[in-house]
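Asker: Take the sequences, apply the hints, and build the full model.
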Amino acid sequence: MRLTIASGAAAFTAAFLLSPLFGGGNWFWTSLGAVLAVMGAGLLSSRLALPAWAAPLVGLAVTWIYLTFAFTSDKAWALLVPTKESVVELVRLLGVGWADIQRYAAPVPDTEGITLLTASGVALIAIVVDLFAVRLRRAALAGLPLLALAMVPATILPDPISWPAFILAALGFIGLLVADGHERVGRWGRAVLVRRTRVPAGPPAAGSMPANGLRLSGKRIGFAAIAMAVLLPALLPAMEPVSFFTFGVGGTGAGRGNSISIPNPIANLKGQLELPEPQEVLSYTNSDNIPRYLRIYALDTFDGQQFGMTEPKGAPQNRTDNGPLPEPTGLGAGTPKKNVVTDIRISDQIERLAFLPLPYPPRQIQVDGDWRADVDTLMVFSTREEAAGLEYQVQTSEPQPTADLLDSIGDREPNVDPRYLEVPDSLSPEVRQLAADLTAEAGSRYEAAVTLQRFFTTDGGFTYNLRTQGHSASALRDFLLRDRAGYCEQFAASMAVLARLVGIPSRVAIGYTGGVQLAGRWSVGTNDSHSWPELYFEGVGWLPFEPTPAGAAGQGSARVPEYSQPRPEATAVATAAPTSGASSVADDTPQDPQARRNIRELEAEGQAAAGTVDVDESMPLIGMIGIGAAALALVLLIPAAIRLVTRTRRVRSLGRDDAEPSGDRAATASPGRQPSAVVAAWAELDDLLYDYGIARVPSESPRALARRLAEQYELEDDPAAALASIAAAVERVLYARNPGRIGPMRQDLRTVRKALAAWVPRGRRVRAVLLPPSTLRRLRGFGERLLDGFDLLETIRLRWTAAQKGS
Amino acid sequence: MAVTHDVPPQLDELVSTAHRIRTAIESVIEGKSDAVRLTLTVLLSEGHLLIEDVPGVGKTMLAKALARSIDCPVRRVQFTPDLLPSDITGVSAYNQQTREFEFKPGPIFANIVVGDEINRASPKTQSALLECMEEHQVTVDGDTYRLDAPFMVIATQNPIEMEGTYPLPEAQRDRFTARVAMGYPEPTAELEMLDVHGGTSPLDELEPVATTAEVRALIEAVRGVYVSQAVKKYAIDLVVATRHSPDLRLGASPRSTLQLVRAARAHAALAGRDYVIPDDLQDLAIPVLAHRLLPSVEAQGQRRLPEHVVSELVRRVPVPETRAS
Numbered sequence: 001m002r003l004t005i006a007s008g009a010a011a012f013t014a015a016f017l018l019s020p021l022f023g024g025g026n027w028f029w030t031s032l033g034a035v036l037a038v039m040g041a042g043l044l045s046s047r048l049a050l051p052a053w054a055a056p057l058v059g060l061a062v063t064w065i066y067l068t069f070a071f072t073s074d075k076a077w078a079l080l081v082p083t084k085e086s087v088v089e090l091v092r093l094l095g096v097g098w099a100d101i102q103r104y105a106a107p108v109p110d111t112e113g114i115t116l117l118t119a120s121g122v123a124l125i126a127i128v129v130d131l132f133a134v135r136l137r138r139a140a141l142a143g144l145p146l147l148a149l150a151m152v153p154a155t156i157l158p159d160p161i162s163w164p165a166f167i168l169a170a171l172g173f174i175g176l177l178v179a180d181g182h183e184r185v186g187r188w189g190r191a192v193l194v195r196r197t198r199v200p201a202g203p204p205a206a207g208s209m210p211a212n213g214l215r216l217s218g219k220r221i222g223f224a225a226i227a228m229a230v231l232l233p234a235l236l237p238a239m240e241p242v243s244f245f246t247f248g249v250g251g252t253g254a255g256r257g258n259s260i261s262i263p264n265p266i267a268n269l270k271g272q273l274e275l276p277e278p279q280e281v282l283s284y285t286n287s288d289n290i291p292r293y294l295r296i297y298a299l300d301t302f303d304g305q306q307f308g309m310t311e312p313k314g315a316p317q318n319r320t321d322n323g324p325l326p327e328p329t330g331l332g333a334g335t336p337k338k339n340v341v342t343d344i345r346i347s348d349q350i351e352r353l354a355f356l357p358l359p360y361p362p363r364q365i366q367v368d369g370d371w372r373a374d375v376d377t378l379m380v381f382s383t384r385e386e387a388a389g390l391e392y393q394v395q396t397s398e399p400q401p402t403a404d405l406l407d408s409i410g411d412r413e414p415n416v417d418p419r420y421l422e423v424p425d426s427l428s429p430e431v432r433q434l435a436a437d438l439t440a441e442a443g444s445r446y447e448a449a450v451t452l453q454r455f456f457t458t459d460g461g462f463t464y465n466l467r468t469q470g471h472s473a474s475a476l477r478d479f480l481l482r483d484r485a486g487y488c489e490q491f492a493a494s495m496a497v498l499a500r501l502v503g504i505p506s507r508v509a510i511g512y513t514g515g516v517q518l519a520g521r522w523s524v525g526t527n528d529s530h531s532w533p534e535l536y537f538e539g540v541g542w543l544p545f546e547p548t549p550a551g552a553a554g555q556g557s558a559r560v561p562e563y564s565q566p567r568p569e570a571t572a573v574a575t576a577a578p579t580s581g582a583s584s585v586a587d588d589t590p591q592d593p594q595a596r597r598n599i600r601e602l603e604a605e606g607q608a609a610a611g612t613v614d615v616d617e618s619m620p621l622i623g624m625i626g627i628g629a630a631a632l633a634l635v636l637l638i639p640a641a642i643r644l645v646t647r648t649r650r651v652r653s654l655g656r657d658d659a660e661p662s663g664d665r666a667a668t669a670s671p672g673r674q675p676s677a678v679v680a681a682w683a684e685l686d687d688l689l690y691d692y693g694i695a696r697v698p699s700e701s702p703r704a705l706a707r708r709l710a711e712q713y714e715l716e717d718d719p720a721a722a723l724a725s726i727a728a729a730v731e732r733v734l735y736a737r738n739p740g741r742i743g744p745m746r747q748d749l750r751t752v753r754k755a756l757a758a759w760v761p762r763g764r765r766v767r768a769v770l771l772p773p774s775t776l777r778r779l780r781g782f783g784e785r786l787l788d789g790f791d792l793l794e795t796i797r798l799r800w801t802a803a804q805k806g807s
Numbered sequence: 001m002a003v004t005h006d007v008p009p010q011l012d013e014l015v016s017t018a019h020r021i022r023t024a025i026e027s028v029i030e031g032k033s034d035a036v037r038l039t040l041t042v043l044l045s046e047g048h049l050l051i052e053d054v055p056g057v058g059k060t061m062l063a064k065a066l067a068r069s070i071d072c073p074v075r076r077v078q079f080t081p082d083l084l085p086s087d088i089t090g091v092s093a094y095n096q097q098t099r100e101f102e103f104k105p106g107p108i109f110a111n112i113v114v115g116d117e118i119n120r121a122s123p124k125t126q127s128a129l130l131e132c133m134e135e136h137q138v139t140v141d142g143d144t145y146r147l148d149a150p151f152m153v154i155a156t157q158n159p160i161e162m163e164g165t166y167p168l169p170e171a172q173r174d175r176f177t178a179r180v181a182m183g184y185p186e187p188t189a190e191l192e193m194l195d196v197h198g199g200t201s202p203l204d205e206l207e208p209v210a211t212t213a214e215v216r217a218l219i220e221a222v223r224g225v226y227v228s229q230a231v232k233k234y235a236i237d238l239v240v241a242t243r244h245s246p247d248l249r250l251g252a253s254p255r256s257t258l259q260l261v262r263a264a265r266a267h268a269a270l271a272g273r274d275y276v277i278p279d280d281l282q283d284l285a286i287p288v289l290a291h292r293l294l295p296s297v298e299a300q301g302q303r304r305l306p307e308h309v310v311s312e313l314v315r316r317v318p319v320p321e322t323r324a325s
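Chains as they are written, first to last, in UniProt numbering: chain H, 1 to 807; chain L, 1 to 325.
Here are the simulated distance ranges between beta carbons: (1) H/Asn738 x L/Glu102: 50 to 56 angstroms; (2) H/Gly763 x L/Ala217: 55 to 61 angstroms; (3) H/Glu711 x L/Pro167: 36 to 42 angstroms; (4) H/Gly763 x L/Pro159: 49 to 55 angstroms; (5) H/Asn738 x L/Thr188: 41 to 47 angstroms; (6) H/Thr383 x L/Arg316: 55 to 61 angstroms; (7) H/Arg750 x L/Glu298: 46 to 52 angstroms; (8) L/Glu298 x H/Asp718: 45 to 51 angstroms.
Derived by calculation from the structure, the hints in this document are not laboratory data.
Predicted model only: the values in this text are computed from it and were never measured.
A virtual CB, placed ideally from N, CA and C, is assigned to each residue, including glycine.
Answerer: Right, here's the structure in full:
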């Protein structure tokens, strides 16, 4: 009975961990009902003494009835008994729920289907827990299904599991273990155990004594384990739980250098777009007052389902404060450029953003902290800093290609990393066919790109819709060929894939659109989160395209770049180049080699200091190890420090008596002061002996101690007398009516220490300084008192329970 | 030395008087300073002393030497199997002249009573001492007679394994403050004994060195010795430990706590201290507590005597400290 209830409670508390996944509260009540149903089934099985294998079947049956009642009662017979119709309806709902889960990113709304799925999942877990804990009597094994439940939010959400939910779930599991232990002990009768409390607690409350000690220590261990599990990760900065569960990012890096934790950009994107109240993410001003897309991530790998990011690498020479950033890939000198200076201010509210939102391509950044640029993608990121609240200035030299220029590139082979062209073989042939069909008429890569963009924005009949189609292998095909509805993620990814299929290197950028202008500043909010493809053209570099519909029916602030506008015919679009180029592009060409030379110089410097270059990547690791070791050493030295402080304090209190004008009257007039010095001396002597491993036996009086030490260590007259004098003073203070006048003891103490130190082996002395056992003993004493406190609470609880029973 | 302490004048006097008595006794008993010291301690703590040992080691000599060295009425009772209670307390006899019953005081009416071989008398007679020892009074035929202070019973007994002995009842044993074993003398002490006391009885030459009034003053001074709360608590801890020891069937009584602290006062005073320290209690724990305890069957089987149990308890019970450690 107890065990059944405990296992149900454990399953239910573990289900709390799911709460961040849901937007509503329906799932909670339905799951509670499901757990109660399973518990009822478990009780029934126990009552009927069914074999272990039958209990899960009963549980399943009861769960089925419960779900029928909760979801399809109108189709069931007498609301409860499943009929053919109700089964069909249930299966349909499950399908809907499955589709919903595919469609939504967390937190999901609790639609009926999702609630059904959740409730049945929780019920299944509860059945398995019941099977392990109650039927097979392996309560510890029941932790596995619970752990599986806990893994769901941990893997899906970028955030770590919230600690209150974790504590709750852990308590549920401990409750299960306690119940199991109780049953186990109860079966064998009374446990003969002694409580550790020294105070005889009077006559034991009848009936409440068995297994108390066991339970108590079990609870203690449990609480301690939970506290450690919650506190320890918080104390260790390196063990940020996020980095274990990053999705869609990284994985292909060589694993060297500092790793960075990147929340799933796509999940974030979706979550931000769906926020009911858009929040400002950043604001900026720039030199020409034209809104620009601000890129945060560039996703370069495509696995057939979604785009992911190669772990960026930030070499020390690419730190933002080392001057200009690396050259943008492929941007040739022949392309007109426009220099823009943008001042960006990130909102304080942004959490865990380790990448800077920047217009592309950044040339130079003035920002505080250790920010580094990835050479390949020009993403700027930090392994230590966060962007929240940051203000920085970025200079960009934006390529200003004209359609003619891009056309003139013709079919020059792009000279980029082949991963920008990689498409998995498993990609649906229909999609390949589509890409080929669309671009059959295009004369150049550029024309193909424009055609693709036009396909998405106008020709293809696509609609903007935030209900996603998920990332399954068929999602891309569905989006392109069937639904043709999605939001920027689908548009960007699909266009990037199609571009790759026609031989244009592509990647997906994630960041923000230019936002709206408010009081002279461009304000970018969470609703401006965006994703767009960047396509590569030799000589021009990476150019953003915009397949996502703009305006009210699409991504509100999306803008289609001028060069990607389809031309009616080959007209004089070239006028665009002089208008923008004449004003600010004038000094571009001379600056370019300049910048390049700077980088060369930097490289040269780096090579000159070859030693530092080699260890550059590993430096942080060694540094981390060093810092870790130092921190460990510091932690280990804490007892020594405590000992030192204690000793200093005691010696000082000894010294006070030294300085005091001696006189019997003064001494007797302030009895509180005299003892403090003596007590300090005695405590110091006690600790000293403990540290030296010749500790005082608790039953040894001061006098006996002095006698023993003097005999055992054959102390000379001086130290023996000093020791006797300390002992006599202590004796007086502790036991005499009037302690009389007590002289300074500092010298005595020193004499004794010296005399004893001569007898103690060196290792012991070193240990006494570095890792003083007396402090450890004190810490242990503190722990004991803490446990005594727990005991007290437990006693109060027991009394209360006894009183309850009595009344 | 860093410590200076003023000893009260009456303590000085006590120490010197006690020293005189000690010297006097030790002139008779060679090499038994511990037993002598304990005897004095019991005297000053208004207690009674039980001297237990095999025959011929000087039990009676010690008792008589103490009695002699103090100038006070001393009576000696030889306990025999046919001794009756009235032989000790006294009887009411009919006076034919006054035609009234008159009380004839027994040997108990003295300052120091030496009860020789107390366990040779029957328990009935032994019990006659109960009231006298605890309440310092005698009740005969409904009349109660006070005994003079100081009043001390020094009883000697042979170990109970000896033939012709009755073991003392627990209640009787509990009334003795301390039990001391004489032990055989060291060979050198025995040699000296032969040399010095070969011909004459040393007791004959012993002159009293202290008066009753002096002893009373000493007892008064001992009462003034300070016992801190911590030490009192330590005494209780020790006694309570005997009650909880699995090796003991019968632990020490509250009376023994009282007597332990009293004896500790005297012990401290004899050392010239006006306050009791745990060492006093530790020194006295075995003589004061051991004879009251009954070992459990297991302890008996292992031949663990109550003395051993007590000394182990003393090693285990922590001494009181005022600092919170």
